[in-house]
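Construct the entire structure; sequences and hints are all you get.
Here are the chains, one letter per residue:
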Amino acid sequence: MHAPHCRMARLVPTLAFALSILSAPAAHSASKPEDVLAIWYRLTLELVRHTPTYTPPVASRTLAYVGVTAYEAVASGSDDLQSLAGQLNGLTPLPARDKAEAYDEAVVLQAALARSVVHQFANTGPTGQRAMASITAKQRAKVSDGVAAEIVQRSEAYGQAVADHILAWSQDDGGAVIANMGFPLEYAVPEGPAHWVPTSALRQQQLPLLPDWGKNRPFAMPDASSCPLPPPPDYSEDPGSAFFAEAKEVFDTSAALTPDQRAIARFWSDDAMLSSTPPGHWISIAMQIQKRDQIPLAQSVDTLARLGIATADAFIGGWNAKYQYNLLRPVTYLRRTMDPKWEPLLITPPFPEYPSGHSVQSAAAAAVMSDTWGDDFAFEDATHTDDGMPARSYPSFWAAAEEAGISRLYGGIHFRAAIDRGLDQGRCIGAFTTALTTRSDE
Amino acid sequence: MKTTLSATVLLCHASIAYAQSDPAVPTFVEEGGSAGITSVYAGDWEYMVGGGVATFDCSGDGKPDLLLSGGKVKATFYRNDSAIAGDLKFVSEVSGLELDAVLGTYPLDIDSDGVTDLVLLRSGENVAMRGLGDCKFERANEIWGLEGGNEWSTAFAAMWERGATWPTLAIGNYLNRFEEDFPWGSCTDNWLHRPDAGGAKFTAPLPLKPSFCALSMLFTDWNRSGTASLRISNDREYYKGGQEQLWHLEPGKEPAAYTVEEGWKPLKIWGMGIASYDLDFNGMPEYFLTSMADNKLQRAMPAANGTAMAPTFADVAFKAGITAHRPYTGPEKKPSTGWHAQFDDVNNDGMVDLFIAKGNVDAMPDFAKEDPNNLLLQRRDGTFQEAGDLAGVASTKLSRGAALADFNLDGLLDLIVVNRREPAQLWRNTSTNAGHWVQVRISQPGVNPDAIGAWVEVKRDNVVMTREVTVGGGHASGQAGWLHFGLGDATKAEVRVLWPDGVQSDWQALAGDQFYVLEQGQAAKVWTPE
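If you read the sequences in order, they're chains W and E.
Quick note: the first sequence, position 249, residue 249 per our numbering, numbers continuous.
Quick note: the second sequence, position 107, residue 107 per our numbering, numbers continuous.
Hints are computed from structural coordinates only; laboratory data are not their basis.
Warning: the hint list may mix true and false statements.
Said to hold, decoys possible - 20 Å max Cα-Cα, derived EDC-like pairs, lysine to aspartate or glutamate:
1) E/334 <-> W/212
2) E/240 <-> W/271
3) E/333 <-> W/186
4) E/268 <-> W/186
5) W/142 <-> E/494
6) E/525 <-> E/494
7) W/291 <-> E/494
8) E/265 <-> W/234
9) W/138 <-> E/180
10) W/99 <-> W/79
What the hints assert, rightly or not - Chain E is nowhere near these chain W residues, computed Cβ spacing over 10 Å in every case:
11) 126
12) 130
13) 174
14) 239
To be verified - Derived coverage of chain E by chain W (criterion: at least 3 residues anywhere in the stretch with Cβ under 8 Å from a Cβ of chain W; other residues may be distant):
15) 180-186
16) 234-240
17) 291-298
18) 358-368
Values in this document were obtained by computation on a predicted structure and should not be read as measured data.
The C-beta atom is built at its ideal place from N, Cα and C for all residues, glycine as well.
This is the structure we're talking about:
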C-alpha cells in the first residue's frame, strides 16, 4: 500500500501559477502566505492542546477542516491545485473567485484561516480567545499593509466565504457538538469479561470517550467501515491461549523496559490536554519539514489538508472498530490474571482497546507523508522539545508510524494485535486520501 | 472579655446526638449585603485567577477581620463589628491595605512583633504590609528587603525554617502576562524569599526552577519528618513539561524537587487550590487538590517495613465521594471548575468537612456556567455527602477565594466567598443541630509567635484530630487566628501541641464550647469573647 511515487517531486510551482501572481493588477502584500499558514497552524496546535474538548478524534476532525480550508483558499488562486469538492464526502463546489478581479493570496489565506480557526475553537478558554484575537488583528494588519483597500476587502470576503462554506459542510458530519468533554452521560457498556471497563478513578471517565464517533461522516473513505478489521484474538484467561500470550507480552515488556523503550512510549504518548494529540503530532512533523525545506505554499497546504483528512478518517474508522469489539485494556486483564497491582507506564486512555487509535492514524499519516515526500525520507521530529523530550530521528515515515504503534505496547496500554492490525487499517484508510486528486496535472 | 456565649446557642449544640450515620446538615443564612460586604473582585483576563480573602484579627477583639482582593479595583478592608453570636456586621475602613491589582492576601506575623502583617499577591509588584496595630498597615518591602518583582503572582506559602529568626516565603507566579499570541509555556519563575544572614530581612528571591504556573502552594510536613516540604499545585493549561510539585526544603540547602526515583508520581492537572487535613486520624495529612472536572484527594502510601516514607500518593477522591466533578444542583451536567478548598468542621460533629468554591473561569462553554459551591459533609466512614444546597451555600456565582471562620465567635464556622465580577458573599452559620466545639489559638514566645509549622492534636472520645498550622494553600486566601475543632457529643476534650521546635506539650484537658489560648510551656487559658 506504500505509494510508489513521490508527489512532492512533481509538485513545483508552474509557470502559470507564477504568472498569476506577477500579472496581478495591484500592489500585493509583502507578507508571504507561507508565513500566514505557519502562524495559524502553530496556533491551532496550541489550541488543540489547550481546549478541553480536544481529545484526539476531535482534534483530527478540526485539523481536517482547517486543512481543507487552507487548501481551498490557496487552490482557488492556483493553477497547480484543484478543488477537493466532489472528492470529499458531501463537499459541494466552493465559491469561485471573480476572474476579472485581483486578489491578494496572503489576505485570502489570512481571512480564511482566521475565520476557520476562530470558529473551530470558539469554545476555548479566555487565553486562547485572547491569542486568537491578537493574532487575527496583527496578521490582518500585516498582510494588508501596502495592499489596495479594495483588494483587501475583496480578498477577505473571499477567504471568509471559503471558510464559511467549509464550516457549513462540517455541521452535519456528526462531530460538531462535543458535550461533557466527549464523555457520554449515559451509555450501556457491554457486559462480559472481554469487554472494556473503566480504568481510571476519574468520575468523568466511567463511561468511554465518544462512543458514537465511528458513526461520523468520513472525509475521503466511503464509510466508517470501509477498512474493516478481523476480530482480536478470542478472549481467554487460559495461559495457553493466544490472548493470554499477547497479554503476557505486555506484562513481560513492561517489567523489562529499556530506557529507549520508555522514551519511545513517552514520545508518542501525545495525551489530550498535554500535547497537540496524535494527529497534531503528525501535523507538527509536516510543519517541521516544510520549514526546514522551505516548501512552497501549494505543496504545504496539499500536505496539511491530506494529513488532516487521513487522520480524521483514521479516527472514524478506528473508533468504528473500537466500539464494534469493545475490548478490555491490558491493565484490566493483567490485574485480573497476573498481578492485581500491575501499573502501565502510560495512563490508559478511557475507551476500548482494539484497535490502537494511534497506530491507525499514524499509518494513515505515514501513507500521506510517504506519498508526498517518498518512502525513504529521513527526518527529525522535535515536536516535544518544549516538553523536555529530545528530538528523535527516523529513516522514513513508516518507521515513525511503526514506532508510534509499538510505543503503545511499551506504554502498557495496547496488545500486539491492536497495533499490528491498527497499522494495517491505517494503511487502508490512508490510501483513500492518497487517491484524492489535488494537482491539476494528475 | 467577660461576655459569655449565648446560652441558647450552647444548649442547642449540646442537645444533639452524633452517633447518627448521616452528618447533620448545617444551616447558613446569607448576610453579606446586610453585613456590609460589597467588595467585588473585578477585572478581565488578568484577574481570571486570584480573588482571595484574608481573615485575621487586627483589632484585638478575637473576631476575624477581613481583607478582600479587588483585582482591578482596590482591595477592601473590613473591620468585624459583629455582635457575639449575633448577626454578622462588617465596616469598611481605611487600613493602608487598599492597593489595586491584588489577587491574593495572606496574613502572618513576619517580624514576630505580635502584630499580624500581610503579604499581598499582585499582578505587578507584590507588597508586604506591616501591621501597626488597630488595623493600620504600612508598606514594608524596603525595610524588610522584599523584592516585589513585576510578575503575575498567584500562590503563597510561608514558614520558619528550623532555627530561623525570619520567615521563608514562597511566592508562586503564573504565566508571562505580557505574551499575547503564544503564552503557553511561558510560566515565570516561582520565588523563594529566604532570610538574609542577619535574620531580619529577606534576601533576593531564589527562583524555583522549574516553575509551572502555580496557583496554590503549601509548606507542609507531609511525612512528619520535622521538616516541611513545599507542595505546589500547578495549572497544566500553561506549562510545558510540567506537573504537580513537591520540593525538599532543608535549612541552608538549595531547594530540590522530589523525583520519580524517590517515589514521586507525576500528576498533571489544572491545579488551582490545596487543602490539607488528617482525615483518617492517623496523624498524616491528606491533600485535596482542586481542578476542572474531577478533583483529587491524595493519601500518602504507607511506608514499607523498615523504609522511609516515599512521596507516593494515591488518589482516593472517587472512593471518598469528593470528586465534585460537576454541578449537583440545576440542570447543568457540564464539568465543574474548582478553586479554593478548605477542610473544617461546619457542623461540629468531630469530622472535618470540605468546602469548595466553584465558578467558571469566565465563560468557557464546555464547563458549567451555573456551578454551585460544594459543602461536602464527612460521614463517620470517611466518605462525604453533598449538602451545599441544603445548607444554603450553593451559590452559582463565579467564586474564587473563600474562608470558613467563626466571625461572631459562637462556635459555628461562618463562610465568606469572593466572587469574580460580583460582590463577595457572606453566610452566617445558624445551625441549631451542631455539636460541641473548642477553638484554640496557639502562641510561642519570641520568633514565629503564631507557631506556624506546629501540629495541634485534639482528642475527643477515642479519636485524635490532628491539624497542621500552616500559612498558604487554598486559592489566594489565607487565615490567621482561631483553630476550630468540632467535638460532636463530647463536652470535653484534650489538647496537645507539637511546637515548631520539636517540643511536644503534655495533654491538657479542655471543656467544650470554649476558646483557649495555648502558650508554649503554659497551661491552657480560657478566653472569653466580649
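Status of the hints after comparison with the structure:
no., hint, verdict
1, E/334 <-> W/212, "holds (19 Å)"
2, E/240 <-> W/271, "holds (12 Å)"
3, E/333 <-> W/186, "holds (12 Å)"
4, E/268 <-> W/186, "violated (27 Å)"
5, W/142 <-> E/494, "violated (72 Å)"
6, E/525 <-> E/494, "holds (13 Å)"
7, W/291 <-> E/494, "violated (71 Å)"
8, E/265 <-> W/234, "violated (35 Å)"
9, W/138 <-> E/180, "holds (11 Å)"
10, W/99 <-> W/79, "holds (13 Å)"
11, 126, "violated (5 Å)"
12, 130, "violated (6 Å)"
13, 174, "holds (18 Å)"
14, 239, "holds (30 Å)"
15, 180-186, "holds (count 6)"
16, 234-240, "holds (count 4)"
17, 291-298, "holds (count 3)"
18, 358-368, "holds (count 7)"
In terms of the numbered hints stated before, the structure departs from hints 4, 5, 7, 8, 11, 12, listed from lowest to highest.
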